[in-house]
Amino acid sequence: MFKTLRPTAVPLLQVLLVCGQLVFSALAMAAPVEPPLHLLHSGKNRLVEGTVKEINPPNRLVFVRGKVLGNHTDVPELIDVIVDSTSVQSVALGERYLFAYSTIHSDKRMPGKIALNKGGAVLVSSTGVEPALFRDSSTLRSLLAISDTEEERDSPRLLRRLLKLLHGKDPQLQYLAAAQIGLDADLGALLSDQDKVVLRSVVSDAGSTTNTRYTLLHAAFLFPGLYGEWALPVAQEVLATTPLGGYSRDSWDPTGLVLLAFDIVQKPEAVLPKESIARWLRSPYRLFREQSTRLLEIRFPGEQREVVAQALRDPKLNKEARQYLDDQLRRIQRN
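Numbered according to my numbering, the sequence shown terminates at residue 395, and the numbering increases by one at each position without gaps.
Any given hint could turn out to be false.
To be verified - Derived DSS-like pairs (lysine-lysine); straight-line CA-CA distance at most 30 Å:
{"id": "1", "residue 1": "Lys178", "residue 2": "Lys113"}
{"id": "2", "residue 1": "Lys113", "residue 2": "Lys127"}
{"id": "3", "residue 1": "Lys113", "residue 2": "Lys224"}
{"id": "4", "residue 1": "Lys224", "residue 2": "Lys178"}
{"id": "5", "residue 1": "Lys127", "residue 2": "Lys178"}
{"id": "6", "residue 1": "Lys229", "residue 2": "Lys127"}
{"id": "7", "residue 1": "Lys178", "residue 2": "Lys104"}
{"id": "8", "residue 1": "Lys127", "residue 2": "Lys256"}
{"id": "9", "residue 1": "Lys178", "residue 2": "Lys256"}
{"id": "10", "residue 1": "Lys229", "residue 2": "Lys327"}
{"id": "11", "residue 1": "Lys104", "residue 2": "Lys127"}
Stated by the list, open to error - Listed next, with one range per pair, are the computed distances between beta-carbon atoms:
{"id": "12", "residue 1": "Ser261", "residue 2": "Thr133", "range": "39 to 47 Å"}
{"id": "13", "residue 1": "Lys104", "residue 2": "Gln393", "range": "58 to 66 Å"}
{"id": "14", "residue 1": "Lys379", "residue 2": "Ser150", "range": "30 to 38 Å"}
{"id": "15", "residue 1": "Gly267", "residue 2": "Gln149", "range": "20 to 28 Å"}
These are computed hints drawn from the structure, not numbers from a lab. Even for Gly, the Cβ is constructed at its ideal location relative to N, Cα and C.
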């Protein structure tokens, strides 16, 4: 099913603000998003192995400190961390996790300065680590071990490991790998033509997590020279094949992916099959019906009446969708 999009990236910012439904954080804004492995190893954060001692809804977890990854000596024995409600529900007492937290934030009152978090330690959360809380595993530890210096984070060795994770079974690590590749231009510069084919195949695969697909598609859209010139045909695939009501897995919400695809296919050179756009008129979600309507007006101005009338004949339309299409048909007839 579709849900409100978590913060990620921006080419649709103006549309989304008008709609008032989604807020994008910024791959393309002034402050770039830091690649996740850079963030995990940042001196501003603390990367720790810990065992869950207390679960305190709605938004706190207490860990018993295990190994501290890095040279920091200021990590307390008991770490009380502010987390999101999903993380509270996903952990188990006595289980061991690897997580990153921060006790500071940028001070809005004094640009360029930092301040202590009033509520204490906060779980790190950003593109690729939403949040930075992982079940302890040898795969993750190995990844962290080969990425703990700046030189190693821009190495062919790390790239090979990340590409392998894109085809792995762990959705968290798949997303982390996609974000590290998609946000790090130095890694992008190491991609071979065959690697770019791999990235395209991951995005085309509906079995990949939607966060992974979104992140790589967005990277290819913004930087085709680095990631490959495949964003347009894959965006067309997304619009032609994504279920109108979303996927049955709630955590695989494709809202952002579909909106990004709509944004990409507005390129003047895009060849758009009418049905790929018109099918979204039958979506149970108004946001997508509006995107479809706007694009049909631009690309198929003389065929709108027929397309809307055909959509109205779908017996599966919900009440809101039918009312929307009735209104559109009346508007077209008046004009």
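message = I'd like to know which numbered hints this structure contradicts. Please list them from smallest to largest.
response = Numbers 3, 4, 8, 9 and 10 - these are the hints that the structure violates, sorted from lowest upward.
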